[in-house]
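Trainee: Residue numbers for the sequence shown follow the UniProt record's numbering, so the first one is 1 and each next one is one higher.
These are computed hints drawn from the structure, not numbers from a lab.
Quick caveat: nothing in here was measured; it's all calculated off a predicted structure.
Glycine included, every Cβ here is placed at the ideal spot set by N, Cα and C.
Fair warning: there could be bad hints in the mix.
Below are the SDA-like pairs computed for lysine to any residue, each with C-alpha atoms no more than 25 Å apart in a straight line [unchecked claim]:
(1) Lys-173 to Glu-269
(2) Lys-176 to Arg-132
(3) Lys-186 to Glu-150
(4) Lys-212 to Glu-150
(5) Lys-187 to Glu-146
(6) Lys-112 to Met-1
(7) Lys-147 to Leu-94
(8) Lys-85 to Gln-75
(9) Lys-221 to Phe-130
(10) Lys-221 to Glu-255
(11) Lys-91 to Glu-150
(12) Lys-212 to Ser-9
(13) Lys-275 to Arg-185
(14) Lys-273 to Gln-24
(15) Lys-275 to Lys-147
(16) Lys-110 to Ser-9
(17) Lys-254 to Pro-223
(18) Lys-35 to Lys-212
(19) Lys-254 to Lys-212
Simulated restraints, written as ranges between beta carbons of each label pair [said to hold, decoys possible]:
(20) Asp-87 to Lys-236: 38 to 48 Å
(21) Glu-204 to Ala-245: 16 to 26 Å
(22) Gln-96 to Gly-37: 15 to 25 Å
(23) Thr-107 to Ala-262: 38 to 48 Å
(24) Thr-107 to Asn-203: 19 to 29 Å
(25) Ala-240 to Arg-272: 15 to 25 Å
(26) Glu-269 to Glu-237: 24 to 34 Å
(27) Thr-103 to Lys-254: 50 to 60 Å
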Amino acid sequence: MFPIGVAVSSRALPGNEGQFIISQFNSVTPENDMKMGVIHPREHEYDFKGADAIVDFAVRNRMKIRGHTLCWHSQVAGWMFTDNKGDTVSKATLLQRLKEHITTVVTRYKGKIYAWDVVNEAISDRHGEFYRNSAWLRICGPEFIEKAFEWAHAADPEAVLFYNDYNEIDPDKRTKIIQMIRALRKKGVPVQGVGLQGHWAINEPSGAQLEKTFADFAVLKIPLQITELDISVYPKEHEARARRANDYDTSFTKEKEIAQAAQYQVCFEIFRKYKALLTGVTFWNISDRHSWLDDFPVRGRKDYPLLFDRNFQPKKAFQAVVAF
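Sequences and hints are given; from them, build the entire structure.
Mentor: Shown next as structure tokens:
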């Protein structure tokens, strides 16, 4: 069966929380500690403290490590795209900075990190638009994507290199992702896996949607991983919005728990069906104590998207996942 992983902060590792991680998971992903803005805050300055702590923890406890993420439009320091006068850098300068970043980070953890999310979220959600209109794209064109994979592979030829994205159950976006990966691989670019983030909710995906998603990606004949799994107890919304009157009741009701468990069960039944293709499932945090969904799409609305409650006790969702 595929490894079960969890996104962690270096702050979560000491004490009881670290012991809980060891007891329940066999793979870790740094939630934020390896993102470009954290690890490379200024041009000639790296901060590996958090990333090193996570890697050391995993190695010490014989856990697998997924690196996340080498190139993303978000959580990247502004200096990356500007010169010392504040003007936008040239394509050549930006590609050189990206190469230096990827080479430095991947080389540091060579032989310890088995898989990398190399490029994250480069495909547009908009119909009629292929690539996300990011600073990377505006300055470099789509070439930054293939270069990122080539440089990561050169730095660690043994690491499995993933393209990672969300909203993968949308047929239009999925088609674009598959088209991009096919084109890159045809050129010999080492895209070796697809990461499906899996930020889902009690009302989506349906079993049929998820089944079609896996069937479509299977044609690429490369490994798939669920990289950032959580299932919100609220109906899915794709855009941030202001709080409304009905958002103030954030209690975790029995109805919400049952609906969430049923959705997790549907997902894991399909995961197991595709276990020959699926090489890992990672949850996007440890327990309901902390989740990015507490502030998205509604800031300050408590969500309960994971298998364990705020006291690290298993929920019905946990039972739905392990009972097979």
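Trainee: Run every hint past the structure and note whether it holds.
Mentor: Status of the hints after comparison with the structure:
no., hint, verdict
1, Lys-173 to Glu-269, "holds (24 Å)"
2, Lys-176 to Arg-132, "holds (11 Å)"
3, Lys-186 to Glu-150, "holds (14 Å)"
4, Lys-212 to Glu-150, "violated (30 Å)"
5, Lys-187 to Glu-146, "holds (9 Å)"
6, Lys-112 to Met-1, "holds (21 Å)"
7, Lys-147 to Leu-94, "holds (12 Å)"
8, Lys-85 to Gln-75, "holds (22 Å)"
9, Lys-221 to Phe-130, "holds (23 Å)"
10, Lys-221 to Glu-255, "violated (39 Å)"
11, Lys-91 to Glu-150, "holds (17 Å)"
12, Lys-212 to Ser-9, "violated (33 Å)"
13, Lys-275 to Arg-185, "holds (23 Å)"
14, Lys-273 to Gln-24, "holds (22 Å)"
15, Lys-275 to Lys-147, "violated (31 Å)"
16, Lys-110 to Ser-9, "holds (21 Å)"
17, Lys-254 to Pro-223, "violated (36 Å)"
18, Lys-35 to Lys-212, "violated (31 Å)"
19, Lys-254 to Lys-212, "violated (30 Å)"
20, Asp-87 to Lys-236: 38 to 48 Å, "holds (40 Å)"
21, Glu-204 to Ala-245: 16 to 26 Å, "holds (24 Å)"
22, Gln-96 to Gly-37: 15 to 25 Å, "holds (19 Å)"
23, Thr-107 to Ala-262: 38 to 48 Å, "holds (45 Å)"
24, Thr-107 to Asn-203: 19 to 29 Å, "violated (44 Å)"
25, Ala-240 to Arg-272: 15 to 25 Å, "violated (34 Å)"
26, Glu-269 to Glu-237: 24 to 34 Å, "holds (25 Å)"
27, Thr-103 to Lys-254: 50 to 60 Å, "holds (52 Å)"
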